[in-house]
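Participant: Throughout the sequence shown, residue numbering follows mature numbering (1 follows the signal peptide of the UniProt record, and there is no 0), covering -20 to -1, 1 to 281 in sequence.
If you're looking for bench data, these hints aren't it; they were derived computationally from the structure.
Worth double-checking, as some hints may not be accurate.
Said to hold, decoys possible - Calculated pairs, DMTMM-like style, for lysine to aspartate or glutamate (alpha carbon to alpha carbon, straight line, at most 20 Å):
no.	residue 1	residue 2
1	Lys184	Glu229
2	Lys248	Glu206
3	Lys7	Asp129
4	Lys108	Asp129
5	Lys278	Glu229
Stated by the list, open to error - Ranges of calculated distance between the beta carbons of each label pair, as one might list FRET restraints:
no.	residue 1	residue 2	range
6	Leu159	Pro218	51 to 61 Å
7	Thr104	Gly246	19 to 29 Å
8	Ser200	Pro137	47 to 57 Å
Built from N, CA and C at the ideal position, the CB exists for glycine as well.
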Amino acid sequence: MVWLIRFTLLFCLCIMKMSALNFFPEKFEIAERHASITLTCRTDKDVITWRREDANTIENISQSEFEILSGRNLTVIDLQEDLTGNYTCWSDSGLEDYTYLLLDKSKETTAFNINCTAETFSCTEKIKCAWTINDFTDEFAFRLRNTRDNGDWVSQPVDGVFFLQHSTNSYSEESERMLITGEAASTCCYMKTEQSFYLRDIIKPANPNISICTIKNEGSDNQIVELEVEPPSTWPQPHSFFPLKHQIEYEIRHDGKLKTKEWEEGSKFKVRGSITKLRGRCRDLLLLSQWSEWSEWKNVN
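Can you build the whole structure from these sequences, using the hints too?
Facilitator: Listed below in structure tokens is the structure:
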């Protein structure tokens, strides 16, 4: 029964079409261009056959100048893209083992980076990270981890965003920079990058909660709209210890022009003049963090 489960798992991994690697392989080896690397078939069988699957073909491997067979080992010489792919070893009983051999292009390109933001200092909320690659047309599988806190790999993004846990204490000085490690793998290639920062440098609050308290002289040029703006629910407390700066954008009724106003103290604010709609955003007052996204437009009527 154990043998059947192992065989099924290996078989599913190996028949996965190499034309689009949509998962991060559990077993892989990487090497830089022109390097040599030895792959080992994990089996107790003495007679095995090696095969290589790339994006287009599956072929049996025989002794050559660039692929040297020795027992259960296969040594690949002068690695290039045409020697990458999923290497499988087979016995008379069937599939025994597999290894993805990928060309390490981490030093060959700088057109990929990790962008992270955090809505709060609290460790109860996760960091949101996205990874972009500009130079390549291949489809990549990605995974990220918080290396500083020895976090687990996260390989399943939600709408392209990875959510990473952290252990930062929002009430004490952050002494150690966070280190986020990212890996990407395609049918032929591998890339790795790292980004280091303090949590305070990536703070971007969620948008604030805005409510209209009263409207005086409605519809006239002397209209006064009193607003109450509350911090987002994810923002740490007490709010007096983590103050926010607010900005309101509103539309003038007569000509459709947009104007903005900012304030730093108190949750209530008055907007004078005839306006049709408004929205708000906030940022950390002390750190001058990124502005939050704008809230939804709220009609004034």
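Participant: If any of the earlier hints don't hold here, list their numbers in rising order.
Facilitator: Failing hints, ascending: 3, 6.
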